[in-house]
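2 protein chains.
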Amino acid sequence: MASARRIKGVLSPVVTPFKADCSPDAERFIKQCKWLISQNVGLACFGTNSEANSLSVAERIELLDALVAAGVDPERMMPGTGCCALSDSVTLTAHAVKLGCAGALMLPPFYYKGVSDEGLFRNFSEVVQRVGDSRLRIYLYHIPPVSQVSITLPLIERLIKTYPDTVVGIKDSSGDWNNTKAVLDNFAKTGFSVFPGSETFLLAGMRNGGSGCISATANVNPAAIARLHGEWQNADADARQEALNRVRSTFAKYPMIPALKAAVAHYAGDPAWTTVRPPLVELDAGQRTKLIDDLSAIDFVMPGLKSPK
Amino acid sequence: MASARRIKGVLSPVVTPFKADCSPDAERFIKQCKWLISQNVGLACFGTNSEANSLSVAERIELLDALVAAGVDPERMMPGTGCCALSDSVTLTAHAVKLGCAGALMLPPFYYKGVSDEGLFRNFSEVVQRVGDSRLRIYLYHIPPVSQVSITLPLIERLIKTYPDTVVGIKDSSGDWNNTKAVLDNFAKTGFSVFPGSETFLLAGMRNGGSGCISATANVNPAAIARLHGEWQNADADARQEALNRVRSTFAKYPMIPALKAAVAHYAGDPAWTTVRPPLVELDAGQRTKLIDDLSAIDFVMPGLKSPK
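In order, the protein sequences belong to chains A and B. Quick note on the numbering used here: the first sequence kicks off at 211 and runs consecutively. Quick note on the numbering used here: the second sequence kicks off at 211 and runs consecutively.
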């Protein structure tokens with residue numbers, strides 16, 4: 211398996227800012243992405259927490275183009291490109307590769323339920339063949355609580371065997387450490403990159419051959435999560451993991467995406483950030499106050515966050 | 211509530227033919243739609259059984275344009291236009307209205323799970339307002355076994371109250387007669403059109419104020435289903451319902467979409483119809499033989515089916 215161009219570390223499924231009319235706000239998006247990189251965190255833009263599945267393919271392409279045009283390094287990008295429609299997945303993945311993105315994070319097609327590993331294999335296989343670019347690096351996206359469609363161990367094995375230079379990693383957002391451990395045990399030794407979908411499993415992942423994590427709360431607590439990734443072999447690693455868990459569990463008391471946006475809005479002093487697209491609903495005033503109080507109680511800060519007024 | 215332009219009767223979520231490279235086959239699609247109309251069945255094209263969610267918005271628009279250009283009456287059409295992304299739903303719904311389609315069948319956004327009625331209300335509300343065309347007639351699409359996102363009774367009530375001339379009906383594919391009965395009891399009297407998502411509930415639906423049905427098996431057994439809709443008050447209605455159930459339960463022994471396509475392929479003498487898009491997988495040769503044997507055993511025929519060689 212090729213080891214070049216492999217993404218490691220901590221990535222954020224970047225929350226997507228919207229204007230008042232719910233159209234994507236490229237200016238705020240670019241500033242947020244630059245801030246995240248300054249905090250040593252890569253960009254898994256268009257993840258679940260990015261409300262990516264509430265964006266059209268054209269809207270995602272426009273944001274990605276704007277990001278690259280603004281000078282953000284595509285080597286730090288692993289955009290989500292897996293859609294329900296094979297044609298959409300091919301369009302978006304090919305565009306990401308053309309822009310030089312280091313990887314593509316791919317959901318399985320998620321409308322039809324109870325589909326077979328054979329059908330999912332054909333989906334990923336068709337994407338690889340139709341994109342037809344040796345630079346393509348696919349990171350599978352396993353998030354059964356939301357997608358309701360699983361990426362099983364036998365499917366991973368078949369994809370790695372068939373496309374060893376292309377299917378190079380996975381984000382495991384099952385929330386089930388036993389599954390993450392099984393993926394690590396089966397595939398990490400051969401160079402397959404495993405990213406738990408939450409920093410809750412960052413330290414355990416690193417101790418078992420993981421590559422980092424891709425986590426919602428990397429939107430708001432990036433530097434501390436990235437520091438544990440860099441210093442996971444230090445003596446204070448367990449204490450750092452516990453500190454990360456306190457922040458995570460505070461956000462987890464609220465609907466995650468609206469809570470992340472409320473925090474960015476508060477710490478950046480920029481209320482426009484609270485806007486979400488339907489079917490999501492923003493936190494109400496009471497929830498926002500409670501969230502910020504909860505975060506203050508654990509001395510949480512978002513350092514150096516700047517957004518346009 | 212406006213009663214004009216209301217769709218009634220039996221509609222088919224038309225199976226979508228693909229070429230060998232999995233691109234949509236407009237020629238076969240048009241012929242199939244014309245055949246369905248000749249069998250007295252309307253066109254709920256781009257439903258679940260159409261593999262609609264495996265098609266991009268552009269592919270759906272292209273097929274719909276081809277259908278209208280071929281002279282198929284848009285008054286017989288209720289295309290599926292509900293997508294995960296609000297922007298996609300608006301684009302597709304506006305296009306259907308522009309073409310003169312009698313209705314739009316709208317899934318809720320189905321990626322995010324556990325969303326609130328408020329969030330779903332905002333989604334449908336934004337579609338109505340952004341399309342901004344008094345000709346729009348929305349039929350809500352409740353199919354929790356697949357979408358995993360429900361359209362609840364309170365949500366229906368709020369939508370009807372807010373948009374009485376626009377939100378005019380529902381397809382209930384819950385498979386749960388108690389839910390269909392509750393929708394009928396609560397809303398049918400005020401003119402709301404209720405279509406069970408299977409002909410299994412056609413007679414029971416008609417006896418409780420229903421408007422017809424929208425059913426997968428209307429792709430293969432259209433005339434007989436349409437006849438029960440027309441003659442549901444006749445003395446032989448229960449016997450006709452039982453005959454429909456025998457066909458339905460035969461197909462239900464197989465993965466539904468590949469089985470429908472295998473039947474069309476067989477009775478039209480046109481093997482190209484067996485092609486499905488990933489993540490679905492076509493029936494294997496053994497399953498196809500068994501399906502046709504099962505159908506022969508109940509004297510099933512598809513009359514007058516013609517497809518291009």
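Warning: the hint list may mix true and false statements.
Because identical chains share one entry, a pair is satisfied inside a single copy or across any pair of copies.
[To be verified] Okay, derived cross-link-like pairs now, SDA-like style, lysine to any residue, Cα gap no bigger than 20 Å in a straight line:
| # | residue 1 | residue 2 |
| --- | --- | --- |
| 1 | K308 | G281 |
| 2 | K500 | R417 |
| 3 | K323 | V356 |
| 4 | K241 | R456 |
| 5 | K399 | P481 |
| 6 | K229 | I247 |
| 7 | K323 | Q358 |
| 8 | K399 | Q497 |
| 9 | K244 | A268 |
| 10 | K323 | M466 |
| 11 | K229 | R340 |
| 12 | K371 | D327 |
| 13 | K244 | K323 |
| 14 | K371 | R417 |
| 15 | K323 | V359 |
It should be emphasised that the hints constitute simulated quantities derived from the structure, not laboratory data.
#### Entry: Violated constraints from the hint list, given by number and in increasing order
Checked against the structure, the hints that fail are numbers 2, 4, 5, 6, 8, 9, 13, 14, while the rest are satisfied.
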